[in-house]
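**Student:** Turn these sequences into a full structure, and let the hints steer you where they fit.
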Amino acid sequence: MNGAPGRFLRNLNQERIVLWITVAIFVAAALGLPGFLTSGNLIAIVRSVSVLGILALGMSVVIIGRGIDLSMVAVMAMSVAWYLQLLDSGVADGAALPLALAGVLAVGVVNGFLVAYAELPAIFVTLASGSFVFGYVRSQLIPQDAVSVPSDHWIIALGKLRPVGVPADVYIFAALALAAFVFLRFTKWGRYVYYAGDNPVAARNAGMPVRPMLVLRYVISALTAFAAGLLTAASLQSINTRVVNSTLLYDIVLVAVIGGIGLSGGKGGVRNVLIGAALIGIMLNAMTILDIPQLYQNLIKSTILLVAIIVDGLLNPRDEQTAQQGDI
Amino acid sequence: MRLMKTLAAVAAIAVAGALPSGPARADSDTGPADYAKALNGKRVVMVPLAMGFDLAQGWAAVLKREVTAFGGTFETRDPNWSTEAGAQALTEAISSSPKPDVLVVMPPDLNSYTKIMKKAQEAGIYVLLLDNPANFKADAYLGSDWTNLGALEAGAAVKACGDGTSKKIGLVQGDEVNATSLYQYEGIMKVLDAHPDLKVVAKPDSNWDPTTSRTVTATMLQQNPDMCAIIDFWDGDATGAAAAIRDAGLTGKVALITTGGGEKTADCDMIENGTYTSVVMTELAHEAGDMVAMIKYLLQSGIKPGTATAHIYTLEQATSKDNLRPDSCWDLKAMQAMAP
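Chains A and B supply the protein sequences, listed in that same order. Read in numbering that gives the first Met the number 0, the first sequence has 250 at position 251, and its numbers run on one by one without any break. Read in numbering that gives the first Met the number 0, the second sequence has 139 at position 140, and its numbers run on one by one without any break.
Keep in mind that the hints are not guaranteed to be accurate.
The calculated lysine to aspartate or glutamate pairs, modelled on EDC-like cross-linking and capped at a C-alpha distance of 16 Å, are [claimed, not checked]: (1) B:K166 - B:D196; (2) A:K266 - A:D197; (3) A:K159 - B:E271; (4) B:K198 - A:D290; (5) B:K320 - B:E271; (6) B:K332 - A:D197; (7) B:K263 - B:D192; (8) B:K98 - B:E121; (9) B:K63 - B:E74; (10) B:K202 - A:D290; (11) B:K263 - B:D289; (12) B:K166 - B:D192.
For the record, the hints were derived by calculation from the structure and aren't laboratory data. Small disclaimer: the values here were computed from a predicted structure and weren't measured.
**Tutor:** Next comes the structure, spelled out in structure tokens:
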């Protein structure tokens with residue numbers, strides 16, 4: 000492979016492949032679909048992936064540190080459902096919010112503790128804690144799948160907030176993306192996430208507080224899940240815990256992974272999340288405009304994901320140097 | 000004249016035969032004893048799609064009260080929207096001892112539970128299908144006629160899309176396997192075929208998820224801001240479509256039509272505050288009453304499970320602000336408070 004085309008292909012990693020696919024779909028939709036390239040529709044696209052994107056940010060911080068948090072959707076839905084149920088049963092907001100927040104922190108700390116200190120595999124710990132959170136809250140604390148927001152609550156006001164005609168979700172997604180970027184790129188503990196994800200043993204030998212950092216990452220993902228839940232409730236004026244049974248969890252992992260954050264840790268950043276979210280948002284929007292039945296939508300979505308992974312595998316084959324222990 | 004005489008004679012004989020020969024005795028009505036003998040100690044198990052939504056909790060409250068009253072036991076299983084968990088609950092119930100006498104099943108789609116339900120009937124258990132049709136000869140189906148329900152929704156849309164409107168309608172379907180979604184669609188299209196001026200601009204699925212419903216509705220409205228009506232296939236996710244309409248500033252301009260269990264906070268309050276224009280609602284008390292009647296009938300009938308079948312459809316109507324009455328809805332909290 001020589002010359003410009005060769006260099007182009009050599010530099011093509013999964014992130015760039017997905018970026019090019021995204022751009023291609025965007026251009027095709029802009030040319031072919033009337034009403035796609037309007038400011039209203041573009042805002043709607045970003046908005047449609049805001050909550051997903053926020054969850055993917057939290058997930059990414061965990062994945063980069065070579066972990067995974069499968070309890071996020073359960074924490075998102077159940078914490079907010081419990082919070083709203085407390086309000087509904089007459090608990091003052093000043094007590095209900097700290098209670099819900101304490102619950103969220105507790106789940107994050109327990110996840111982190113079990114992974115960091117008990118050294119249990121993250122995938123099993125968080126799968127179990129997610130089921131526990133769902134089961135406990137659903138059976139003990141809330142009477143129904145759906146809990147609605149009290150009519151005069153600040154969450155309703157948050158949902159109606161539209162600075163410059165753009166929903167609050169979009170601003171919060173942008174702010175959290177910036178915060179995650181600054182944390183990962185410019186703070187000491189943020190940089191440590193990469194070292195710990197790339198080679199935990201070496202990171203520990205170098206004197207980094209690997210275990211407390213691990214706990215912190217699960218706390219961060221739990222808190223982002225809570226924020227995502229609040230935004231969902233703000234928009235729908237209720238929260239439906241059925242979302243725990245949906246494919247949302249896989250979509251979160253999909254957004255992170257398709258954008259190029261390796262499940263083996265140590266790679267990627269906020270940019271990858273944004274690319275992954277953009278692809279999903281644009282694709283779903285275009286397919287809805289085209290009125291493609293859902294079975295085909297799933298087929299198209301998974302085909303694009305497979306193509307990206309296969310092309311990446313062909314161009315950047317794994318070998319003993321790039322493969323790591325702990326690859327999923 | 001002769002005919003009259005004959006008739007009179009026949010009548011006289013009939014009366015004489017019917018009248019008890021002696022004075023009436025208090026214990027002559029064997030009904031209560033037969034009733035108690037047939038029903039006492041019978042076990043009724045309900046397996047809905049999940050216990051976490053209004054209709055299931057309403058049905059369970061009524062059934063529990065009634066079954067307990069006739070000396071039986073009533074139990075529910077909560078598969079929590081999982082087809083596998085539901086199948087497991089059914090299998091476990093069939094092989095449990097003492098086995099249930101009646102299974103009240105809400106199937107997730109047309110085919111998944113068919114074999115298990117047949118097995119139940121072979122084991123001598125009556126199987127009632129609950130509100131979701133299946134390819135299976137149940138001892139009775141109780142619930143909505145979903146084709147008719149769709150037709151009622153479409154009727155409400157036709158009303159909302161009168162002259163001077165764009166005549167554009169959007170559908171937010173459920174999924175592609177559940178019978179309620181498929182038949183609802185069929186019913187809607189039947190009515191719309193008779194109104195060729197109305198046009199369905201898009202018909203995405205929500206997967207019964209409010210966030211998805213919001214996203215697809217937002218896209219539909221973005222493409223067709225002049226739409227006159229949206230039919231969302233369930234009030235459980237129509238809160239999402241409502242949010243999209245609210246976000247677009249089109250509340251009151253785009254009619255939102257849906258269907259639900261007729262629970263107060265889920266439906267009537269939403270009609271009152273203008274979130275939903277029209278809701279095709281189930282009369283829960285009647286529907287649950289039909290269930291109770293079928294259970295009482297079957298347990299006394301001596302019919303072998305799986306031999307007879309019947310569709311007991313609940314009367315449904317589209318409720319909007321025009322015909323909303325204080326008793327249009329039922330109140331889940333009040334009903335649960337009444338349960339023993």
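**Student:** The structure should be examined with respect to each hint, and the outcome stated for every one.
**Tutor:** Evaluation of the provided hints:
no. : hint            : result
1   : B:K166 - B:D196 : 7 Å, holds
2   : A:K266 - A:D197 : 8 Å, holds
3   : A:K159 - B:E271 : 20 Å, violated
4   : B:K198 - A:D290 : 14 Å, holds
5   : B:K320 - B:E271 : 6 Å, holds
6   : B:K332 - A:D197 : 54 Å, violated
7   : B:K263 - B:D192 : 33 Å, violated
8   : B:K98 - B:E121  : 12 Å, holds
9   : B:K63 - B:E74   : 8 Å, holds
10  : B:K202 - A:D290 : 7 Å, holds
11  : B:K263 - B:D289 : 21 Å, violated
12  : B:K166 - B:D192 : 13 Å, holds
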